[in-house]
Amino acid sequence: MTTLLVAKQYVKTFISKYEVYLKPLLKFLVAFITLSMINGKIGYMNKLDSTAVVLMVALMCSFMPMNFIVFISAAFVVLHMYALSLECAVVTLVVFMVLFLLYFRFAPKDTLVVVLTPVTFSLGIPYVMPLAMGLIGNPSSAISVGCGIIVTFLINYIADSATTLSGMEAEDMATKFRFIIDGFLDNKGMILMIAAFAFTIIVVYYVRRLSVDYAWTIAIIGGALTNLMILLIGDLVFDTNVSIGGLILGTIFAVLIAKVLEFFVFNVDYSRTEKVQFEDDEYYYYVKAVPKITVAAPSKTVKKIYTARRRPSGNAQSRNSK
Amino acid sequence: MINEDKVALMTRMASYESGRGKKDIAVLNYFRGDYIGFRVLKSVIAATIAFCLIFAVYVFYNFEKLMQEIYEMDLMAFGKNIIVLYLCTVGAYGVISYIVYAVKYSRAKKNLKVYYGNLKKLSSMYDR
Numbered sequence: 000m001t002t003l004l005v006a007k008q009y010v011k012t013f014i015s016k017y018e019v020y021l022k023p024l025l026k027f028l029v030a031f032i033t034l035s036m037i038n039g040k041i042g043y044m045n046k047l048d049s050t051a052v053v054l055m056v057a058l059m060c061s062f063m064p065m066n067f068i069v070f071i072s073a074a075f076v077v078l079h080m081y082a083l084s085l086e087c088a089v090v091t092l093v094v095f096m097v098l099f100l101l102y103f104r105f106a107p108k109d110t111l112v113v114v115l116t117p118v119t120f121s122l123g124i125p126y127v128m129p130l131a132m133g134l135i136g137n138p139s140s141a142i143s144v145g146c147g148i149i150v151t152f153l154i155n156y157i158a159d160s161a162t163t164l165s166g167m168e169a170e171d172m173a174t175k176f177r178f179i180i181d182g183f184l185d186n187k188g189m190i191l192m193i194a195a196f197a198f199t200i201i202v203v204y205y206v207r208r209l210s211v212d213y214a215w216t217i218a219i220i221g222g223a224l225t226n227l228m229i230l231l232i233g234d235l236v237f238d239t240n241v242s243i244g245g246l247i248l249g250t251i252f253a254v255l256i257a258k259v260l261e262f263f264v265f266n267v268d269y270s271r272t273e274k275v276q277f278e279d280d281e282y283y284y285y286v287k288a289v290p291k292i293t294v295a296a297p298s299k300t301v302k303k304i305y306t307a308r309r310r311p312s313g314n315a316q317s318r319n320s321k
Numbered sequence: 000m001i002n003e004d005k006v007a008l009m010t011r012m013a014s015y016e017s018g019r020g021k022k023d024i025a026v027l028n029y030f031r032g033d034y035i036g037f038r039v040l041k042s043v044i045a046a047t048i049a050f051c052l053i054f055a056v057y058v059f060y061n062f063e064k065l066m067q068e069i070y071e072m073d074l075m076a077f078g079k080n081i082i083v084l085y086l087c088t089v090g091a092y093g094v095i096s097y098i099v100y101a102v103k104y105s106r107a108k109k110n111l112k113v114y115y116g117n118l119k120k121l122s123s124m125y126d127r
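Read top to bottom, the protein sequences are chains P and X.
Letter by letter, the first sequence follows residues 0 to 321 in numbering that gives the first Met the number 0.
Letter by letter, the second sequence follows residues 0 to 127 in numbering that gives the first Met the number 0.
Be aware that one or more of the hints could be misleading.
[Stated by the list, open to error] Okay, derived cross-link-like pairs now, DSSO-like style, lysine-lysine, Cα gap no bigger than 27 Å in a straight line:
hint, chain 1, residue 1, chain 2, residue 2
1, X, Lys-109, P, Lys-108
2, X, Lys-22, P, Lys-274
3, X, Lys-112, P, Lys-287
4, P, Lys-287, X, Lys-5
5, X, Lys-21, P, Lys-16
6, X, Lys-5, P, Lys-274
7, X, Lys-21, P, Lys-287
8, P, Lys-108, X, Lys-21
9, X, Lys-119, P, Lys-287
10, P, Lys-108, X, Lys-119
11, X, Lys-22, X, Lys-103
12, P, Lys-16, X, Lys-5
13, X, Lys-64, P, Lys-187
14, X, Lys-112, P, Lys-108
15, P, Lys-274, X, Lys-21
16, X, Lys-120, P, Lys-274
17, P, Lys-274, X, Lys-112
18, X, Lys-120, X, Lys-21
19, P, Lys-22, X, Lys-21
20, P, Lys-108, X, Lys-103
21, P, Lys-287, X, Lys-22
22, P, Lys-108, X, Lys-22
The hints are simulated quantities; they were obtained by calculation from the structure and are not laboratory data.
Model, not experiment: these values are computed from the prediction.
Can you make the complete structure from the sequences, with help from the hints?
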């Protein structure tokens, strides 16, 4: 355990030292992976479906705020959908607009979750999302993850029925439109997933805040079991064809990732190196404030054990005084 | 001679000023009623646009059915239903955004109070 803690401190020092470079790199990676996945899944527009374009856009994202990635990903999805058919593009655009107008005005910091949820789905580890957001987020993250699931299922549905859509007559717009919306809304798997994830996030959030020992571990395992139970029961009731083997494996994997996350996040005050400048009457100050890093040394406790010794002189004295 | 306590305090305050403080000060530039009212108005506009979008999708989805029945159906009742639905949606959304922004405002006020406390402490350091 001590080696792990030292490793944690090392990672923390490394991050606080090179944060200036690591942040753009991280943004670049997130943008690159996301855009590549979008192209892999629904790469209908040939102009966008090339590594050079993805690289260029990802590079641009690395210097922009995090939410720019969300905007670019949404634009990519809509453009690909447009190449497939106009109706798909309209439905996708309306869904994105409604999500943005109704929810993300309140929580602009949570928008990245909408991008990460589809990414975890296509990596086969979707159950990480509710555990992680329960650990680092708050109950309102349930809505963000829900939005992410809606986007995922919309993209998956259109990707799966692309051949049917392109086989339909171009004039028959209303039929195509109805086909997309019917298939998208009449998806019990999606609703079940949203409910399960939302409930899991709330459970994980409240359990991890309890003041009991190992609250985080209990929260992770409890959350994973809650998720598993809801999805299995939902599968029985609604017949949603969840693959049980994949569910269990995915859950185990999610627990492992959540444990790693716990190791790095738990007890970390999000303090980081800051550079500020100010002045007073006498000086200009250019201050670099570095948070103190405490190395967790194994503590030694010295326990003193006194054997009960009889003190004959004291007893004699007390006897005498009587 | 540099006063270390003063530097530490000033650093903390400067880091707040350049981070969260910027937002808090922007929030507290408004009176509470103005801030919340303005935000709720924006929310209502956003909700209206979202409602229109969803309604447009609904109309397009049922286009053929609506076209066939347009002469037979009670347009007044249909319109009334839509308006009631609209008012309910926007009302609920407005209430939620009122709560969210009220909480945001009071949080900003609390943070800024701490900041002003520190400012007072700093000025007392100069008096010494």
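Exercise for review: For the pair supplied as a hint, P/Lys-16 and X/Lys-5, confirm whether the alpha-carbon distance does not exceed 27 Å.
Suggested key: Given pair P/Lys-16, X/Lys-5 holds - Cα atoms ~25 Å apart, limit 27 Å.
Review point. Under the criterion that the straight-line Cα-Cα distance not exceed 27 Å, is the pair X/Lys-5, P/Lys-274 satisfied?
Key: Status holds; Cα separation ~17 Å.
Practice item. Sort out whether X/Lys-103 lies within 27 Å of X/Lys-22, counting only the CA atoms. Key: The hint holds at about 10 Å.
Point to revise | Given pair status - X/Lys-21, P/Lys-274, alpha carbons within 27 Å | key: holds, 16 Å
Exercise for review: Mind checking the alpha carbons of X/Lys-112 and P/Lys-287 for me, to see if they're no more than 27 Å apart?
Suggested key: Distance ~25 Å between X/Lys-112 and P/Lys-287 Cα, so the pair holds.
Check your understanding: Quick one, are P/Lys-108 and X/Lys-103 close enough, alpha carbons at most 27 Å?
Key -> Given that 27 Å is the threshold and the Cα spacing comes to 14 Å, the pair holds.
Review point. If you draw a straight line from the CA of X/Lys-21 to the CA of P/Lys-287, is it 27 Å or shorter?
Key: holds, 20 Å
Exercise for review: Would you check the hint for X/Lys-64 and P/Lys-187, treating anything up to 27 Å between C-alpha atoms as holding?
Suggested key: Holds, at roughly 26 Å.
Exercise for review: Assess, step by step, whether the Cα of X/Lys-112 is no farther than 27 Å from the Cα of P/Lys-108, and give holds or violated.
Suggested key: Given pair X/Lys-112, P/Lys-108 holds - Cα atoms ~25 Å apart, limit 27 Å.
**Study point:** Given pair status - X/Lys-22, P/Lys-108, alpha carbons within 27 Å
**Key:** Roughly 14 Å separates the two Cα atoms, so the pair holds.
Review point. Is the hinted pair P/Lys-22 and X/Lys-21 satisfied, with a Cα-Cα distance of at most 27 Å?
Key: It holds: about 22 Å lies between the C-alpha atoms, which stays within 27 Å.
Practice item. Mind checking the alpha carbons of P/Lys-287 and X/Lys-22 for me, to see if they're no more than 27 Å apart? Key: This hinted pair holds, its Cα atoms lying about 22 Å apart.
Of the numbered hints stated above, the single one contradicted by the structure is hint 10.
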